[in-house]
Every structure is written in C-alpha cells, then in structure tokens.
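Peer 1: Could you slot chain B onto chain A? The hints should help.
Chains A and B are the protein sequences, given in the same order.
Just so you know, the numbering used here puts 123 at position 123 of the first sequence, and the rest follows in order with no gaps.
Adding 426 to a residue's 1-based position in the second sequence gives its number in the numbering used here.
Don't take every hint at face value.
To be verified - Some chain B residues judged to face chain A by a derived CB distance under 8 Å, without partners named:
no., residue
1, G485
2, I486
3, K487
4, S489
5, D783
6, P788
7, S813
8, H842
Claimed, not checked - Derived lysine to any residue pairs resembling SDA-like cross-links, with alpha carbons at most 25 Å apart:
no., chain 1, residue 1, chain 2, residue 2
9, A, K272, A, E315
10, A, K106, B, K546
11, A, K135, B, F535
12, A, K340, B, K627
13, B, K530, A, Y338
14, A, K120, B, H745
15, A, K394, B, R702
16, B, K704, A, R421
17, B, K469, A, R23
18, B, K466, A, Y338
19, B, K546, A, E105
20, B, K530, A, K394
21, A, K340, B, K835
22, A, K373, A, K135
23, A, K340, B, E708
24, A, K106, B, F535
25, A, K340, B, G621
26, A, K291, B, E851
27, A, K104, B, E538
28, A, K283, B, K835
29, A, K278, A, G24
30, A, K163, B, H745
31, A, K272, A, L284
32, B, K627, A, V10
33, A, K312, B, K835
34, B, K530, A, G176
35, A, K104, B, V547
36, A, K201, A, Y338
37, A, K394, B, K627
38, A, K120, B, K466
39, B, K820, A, P245
40, A, K373, B, Y807
Calculated from the structure, these hints are not laboratory results.
Computed from a predicted structure; not experimentally measured.
Just so it is clear, CB atoms sit at the ideal spot from N, CA and C, and this is done for glycine as well.
2 protein chains.
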Amino acid sequence: MKIEDLRGVVWRFNERLRFIVKRGEVLEEEYEPVVKEIIKRVKQEGDKAIIEYTEKFDGIKLSEDTLEIPYEELENAYNEIEEDVRSALEIAHERIRRFHELQKEKSFFTEEKGILLGMKVMPLERVGVYVPGGKASYPSTVLMNVVPAVVAGVEEVIMVSPKPNRYTLASAFISGVSRVYQIGGAQAIAGLAYGTQTIPKVDKIVGPGNIYVSVAKKLLFGVVDVDMFAGPSEILIISDGTCEPSWVAADLLSQAEHDELAGAFLITTDEKHAIRVKEELEKLIEDFPRKEIAKRSIERFGTIFLVEDLYKACEVANHIAPEHLELLTEDPFSILPYIKHAGAIFLGRYSTEALGDYILGPNHTLPTGGTAKFFSPLGVYDFVKRSSVLYVSKEGFDRLAEPTESIAKAEGLFAHYMSVRIRRET
Amino acid sequence: MKIEDLRGVVWRFNERLRFIVKRGEVLEEEYEPVVKEIIKRVKQEGDKAIIEYTEKFDGIKLSEDTLEIPYEELENAYNEIEEDVRSALEIAHERIRRFHELQKEKSFFTEEKGILLGMKVMPLERVGVYVPGGKASYPSTVLMNVVPAVVAGVEEVIMVSPKPNRYTLASAFISGVSRVYQIGGAQAIAGLAYGTQTIPKVDKIVGPGNIYVSVAKKLLFGVVDVDMFAGPSEILIISDGTCEPSWVAADLLSQAEHDELAGAFLITTDEKHAIRVKEELEKLIEDFPRKEIAKRSIERFGTIFLVEDLYKACEVANHIAPEHLELLTEDPFSILPYIKHAGAIFLGRYSTEALGDYILGPNHTLPTGGTAKFFSPLGVYDFVKRSSVLYVSKEGFDRLAEPTESIAKAEGLFAHYMSVRIRRET
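Looking at chain A on its own, in the form it has when it is part of the complex (with noise of 0.2 Å):
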C-alpha cells in the first residue's frame, strides 16, 4: 500500500493518481477478430456453433437437450443449499425487490386545449443475464441482475451460465428466473442476440463477464441493447481517523481479493491514521485465503491520498470516480452534496460495502473505471422502454400548424410542410 502525500499540491497532476485511474484500460482490439469470429458462426449455425464453442472453451460436451438446464435443478438446487444461505438469500431478495419497487417509471399524460401528450412506459419483452460461471459463480449477482428485470415486468428472463454451482441455481429459483442455460463466453452472448433454435432472442443482455463477454456484448450493441460494460471494480473510502483503523483496512481488503486489477483506495485527513491503516492491511492479508489476489492488487495500485481536508478529498474522489465510495467520517451526511461522481455511496462506519453488496437492497452492479461520471447503477429503469404519445384535434392542429409550416419550410423538407397545408386545405 502506497502512501501519496497530496497536501499543498496541485494534486490533479498526480503521476500515481492518473497511473490508477487508467489502469482499466485494456485493449479490447486484440478480443475483436476471435469474437466476430464466434459472432458470424453462432449468428450463421446458431446451436450447433454454440455446442462446439462449449465444447472448446468450457470443456464441456452438450447436446441441443442438454443446452437448457431443467427447471426441476433450480428447485432441487434451493431445497439442497444450507438452511442459513437459502434464507439469507431470501431476505437479500426481498430487500432487493423492495429497493427497486422504488425505482418504478410510472406513463403520464399532461393536455392543454386539443392536445394531449405522454410517455407510455413498458417493460422490456425478454432480457438475457449473463452470470459467470465456475469459481466466480456468485448468487448475488444473479439476484442483482434478474430483480430489477422482474420488478419492471419483464416477461421473460434467459440466465446463461457456463458451469453454475447450486447457489446460482438456487438464486435462480428464489429470483424469478425463467430459464437457464449452460453456456458462457461470446458464444452465449451471441445465442442471446440473435436467437438459435433453442435459445430465444432477447431485447437486451446484462451481467458481468471476462473481456470475451465485453466485447461481445460492445459489438452487438444495436442488435440488442446491453448494459454498461464492468471493467475492474473498485473502493474508495475517505476516512477523517476516527474510523477504526482495522475496519478500514478491512473493507479495502475486500475489494482487493476480487481480482488482480482491483482497486483500494483510501483517501484522509490523517497522516498517523493512514500508517496505522497500512499497518493493519498488512497484518490481515497474511490470513487470507485469497491472499495471492489480494496482494497483487494492493502492490500494484492501492493507495493511501493524504490531503488537507474533507473537501479536497471529496474533489479528489470526484475525479476518480469510483465504483464504491465509503466515507469512513464522523459526520458523513455533510460532506454528501459534494459527492459527484461514485456509484455508490456508503455512509458511516458501520456501512460496509459487503452489506451492500449482498443485502441491503440498491444494486451492486454499478460503473467502474470511472464512468461513473455518466452511468448508474443498473435499476428497474434498465429493464423499460418508452413511447411518446401525441394526440392534436383540429383546434390543436389549427393553433400550431403554422409555425411548423415556417420550420418545414426553413428546413427545406417539402413533404413535411405539405402534410400540414394539405390538412388546411381540405
């Protein structure tokens, strides 16, 4: 863990702050020709070029009746798991669902005389959620995608998982899922797009994956719609000190054991703070099981701002904009209004990012890499479209139709001039 003195600098030209903030940046070119690949064959031979991707990349021999995972193994899945992860993940589902009840678009219509206009809102028709498979398996993500779909009124929800383990499939079952599929990586992706004989097309595909499912899902984007593209996660906590150091360390350590590129930040008041901080990091991560992980990442980016005050460390966690962001401070609430960019935000010492990640109720699938800067969380208004209704009687008509003649004719479209005088004329 590095520590970074920021105070009475221009702290915006900072070597390591930029070194971090770009650390995201991969170079999703190299993906593109193996992936356009995988798309034209599996747009092209739809099952039979998926089976054989699996085949390959999975290690895993499927048929077309055994693409689909039966429903029977998601209730089996539920009765099987541990009494106290089964209702641990029913209290995560319900709160989850209560959160994004909130969330809900409603139509709405305003008139004036002879006009009405509205916005007609809808649920997507199908969406597809994709959930990593293997080790990274989690339940969590599988209630974050899919309750969001089910609460805007999605009709149908295909979760894709190559390999998932029976807490997948039990948050499957306790989620609303409609079906699974046991099939990943681009070739899923493109299964979802397109529509084979076995798998249905979707509208749009969201959920997390490696950079085959990221580029998959930027390269059919138009196709179907996708959500935000998840590059590596990351907290940034600014505490004043008066945060246990243990505590601190403990939730940057939590983000670190993600992955390798995972980011843990912290950002204070206090230079004796931050040591102790470090001091604490370093004695935790011995016991880790995922201590390789963890290590990795916290060497190569973690890092310790030491800056002036609270607002100088909210401006320098705006321009990272972070995916977590805790303020670890005695008064949290003030310092909110100058929180731009983070996509969520945990206040107080007791509101630990792992509470959010699993229970609390708002998404855990935010923007990463800084995008926060003009993403959001995944929410109900993910899973809607809307419609614009236009409704103009002749008084209506007769008050607007001749400032839309000057406009058509300003603009030189004839027709569009002509579908106005012709209803003036006859």
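Peer 2: Frame of chain A; chain B shown alone:
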C-alpha cells in the same frame, strides 16, 4: 408503392415484411478501419489531427483559433433569420422545454429502523451534441437534442457541426448551447470523447450523423456514453380508411423525402383506401423538390399491407417496431393499448408527424430500425446519472450482519465476510 396482401396468411413469414425490417442492416465493419485510424490520431494529436481531417473531408481550412464559432455569431444568426421562423423556433423551444420538464427524475430515500437507503439523481456535467452540417443542418435537431440536456441541468452543452447554417446557429442560441465548434465526422466525435487543446472532454455524445459518426460513437462507447444509433428512419401508418387518402399519402411522403433508405409503410383494413392512397401518392410526388429521393425510397421499400382487422394491424406494427406510428383511425385511443413497440405514437387524423417533428413537445430523436423494442425517445433521463446512497447504524448493522456473513461464505469471499465480522468483534 407495393400493395401486399396479408389477409388470411401467416404474416410473420412474409418475405416483403422481412425485407423492409432488415433494410437498415449496414456493414459497419467496412468503415471501422478508417474510423479507428481517425480516432487514434485525434487521441494522440488533438486539434492538429482534427484540423487536417476537416480540410480533407469537409474542405474547410481551420486553425486552432477558428475551430470554435464566436458566440456573437449565434446571436447574429438569431437576429438575422426571418421573423416567422424565429418566432416558430421560440414556440417550439418553449413547448419542448415544458414537455421535457415532466420527465425530470427526483432523488429519493427510504428509511427503516437504523437504515437509510436512497438514490441521488444528478445531471451529467458536460455533453456534446452532434448536428449534421450543410444541407441537412436542421434547427429542429438542435432544439430536440439540447433542450433535454439543459432541462436535466447539464452545465455545459458543446455543439459540433460542420458548416452549420444560420437557422442551426439561431437554434443553438435559443436553446442555450454553451459553445459551438464547426467540425464534424468521426474526428469531431473523437475530439469530444478525449478532449483536445481547445475542445473540452464531454461525458456523453448525442445527435444523429452519417455512418462515420455512428461507427465512431459505437467504438468510443465506454470512453464516453453515447445515445442510440440512428438508422434510416421510418413511418408506419395504420388506417381504417376514414382518413382522407391525400393526407395519408402526404404523411408517407414526409418520411420518404428524408433519404433513400427511409421507410414509408401503411397498414390498412380497407382495400379501396389502399388503392386511393397509392394513387394520391403518385400524384403528390410529382410536384416535389425532393422527388428523386422520395421516389427511390417509395419504389424500393414503400409498402401497403392489407390486413383483416385493426388488431392484426397492431401485431404487424409491433413486429416492425417503427420509429413513427400514426393511428389514423376513427377511435385511435381504443387501439393504443395494443401498441407495444414504437418510438412515437400519433393518434388521430390531425396528428401528423410533422407537428411532432417540430413543435408539439415530445422528442423527435427516436429509435429506428426496430430498436423501439428496447430503446426510448431521447429524454431528460439520458442526461442524468444516479448514485445509490446507503447508511446503516449499529442497530441496522446488527440486524443484517449474520445473513451477510452467510452469503459471503457461500461465495467464498473471505474479506467480505471479515469486513462484517471485524465490526462485530471490535
């Protein structure tokens, strides 16, 4: 205009229907290498590369001092244009602003014992608006793309447009654009995405453009946010034969005049009406300044579908998912609930598309080429981002600590578990 009879057949397998739905499929791949090169050079060289490309593609010699159009020129343009057009643009601006105010999303929070959860909604800081140049430089494009950003609270709206005409500049003045650069193409998009010596980096880019602009937006998605991809536009009219055939024909033409790939479709239950519309259209088209464009679009794609009843008409419409849908029927509101996919729905014989394009208030930037299945009209929601807010007290923490630990253990994420555990033990 081809008449296609869908009565008594399985219309989903109709060749003609498939042909018009797929007409927008463009081989973007062909344009990728050249656009990638442009992006790379602009990223590395900034203004220098933009100035070179502007001379090469647009034939304009610019320097770093003339990239930006002085703000006085916008005001001058406003004062110079014809009185009726200025007044019409002001009316349009005010109506568009009023409608978009209704789309504003509010921050919210919810409380329970020891827990506060919320969503903070904030405007993007800086956005770029692309406006095509030359002949297709439309003042309405400026209003429709800028107003939602301004209503959302975006601080700085940067417009780029090669060779903007005075109507376009006047609209920029009316709608509150911060600055205008007279550049276009992929180089303008790259300049906005990365920022240059004179052009500020933006968070999101919106606005229609040619294939180079579309490909650049797609490639840079993630570096910045972008709006949906504009394909060739279309109108679909559902008519029960009660509307004057000449009105229907004029509305079809108002789409066909846009470009050769534009689609103009009619679905009707009345065979005689179909023939009458076709005749009116052939008559009207002869007087058109943009006759050649409209003719090519109508001859190639223009289609009248005959169906048994209005429910089937709605089904076919949902299949096409048109950008513009006109319900020119006696009781249009009775079929509105059957419409699932359309960018904008115009109800009744006086609600011609041109009114919506210019003056009614809802946005005219709409999803094209069937993407209304998952995309929405441009709106205020496109210019905000959200952050989750999570506060947990000791009491709330105690309530949720155990189930959080259960899920963390099931996922094998030890530090997640530890970050909770350590708060229970110290």
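Peer 1: Given a cut of 8 Å on the nearest C-beta pair, is the interface hint for B/G485 held or broken against chain A?
Peer 2: violated (21 Å)
Peer 1: Is the hinted pair A/K104 and B/V547 satisfied, with a Cα-Cα distance of at most 25 Å?
Peer 2: holds (14 Å)
Peer 1: Given the hinted pair A/K106 and B/F535, is their alpha-carbon gap at most 25 Å?
Peer 2: holds (18 Å)
Peer 1: Within 25 Å, alpha carbon to alpha carbon, are A/K272 and A/L284?
Peer 2: holds (18 Å)
Peer 1: Has the given pair, A/K373 with B/Y807, been kept, meaning a C-alpha gap of at most 25 Å?
Peer 2: Holds. A/K373 to B/Y807 sits at ~15 Å (cutoff 25 Å).
Peer 1: Hold the hint about B/H842 up to the distance rule: shortest CB distance to chain A must be less than 8 Å.
Peer 2: At about 4 Å, which falls below the 8 Å cut-off, the nearest Cβ of chain A leaves the hint on B/H842 intact, so it holds.
Peer 1: Under the criterion of a CB-CB separation shorter than 8 Å, is B/I486 in contact with chain A as hinted?
Peer 2: violated (22 Å)
Peer 1: Holds or violated: is there a CB of chain A closer than 8 Å to the CB of B/S489?
Peer 2: violated (28 Å)
Peer 1: Have a go at the B/K487 hint: is there a Cβ in chain A nearer than 8 Å to its own Cβ?
Peer 2: With a minimum Cβ separation of about 27 Å from chain A (threshold 8 Å), the hint on B/K487 is violated.
Peer 1: Would you mind confirming whether the straight-line C-alpha gap from A/K104 to B/E538 stays at or under 25 Å?
Peer 2: holds (20 Å)
Peer 1: Holds or violated: are the alpha carbons of A/K340 and B/K627 at most 25 Å from each other?
Peer 2: holds (17 Å)
Peer 1: Just to be careful, I want the Cα atoms of A/K291 and B/E851 compared with a cutoff of 25 Å; is the pair within it?
Peer 2: holds (22 Å)
Hint violations for this structure: numbers 1, 2, 3, 4, 11, 18, 20, 21, 22, 23, 30, 33, 34, 36, 37 and 38, all remaining hints satisfied.
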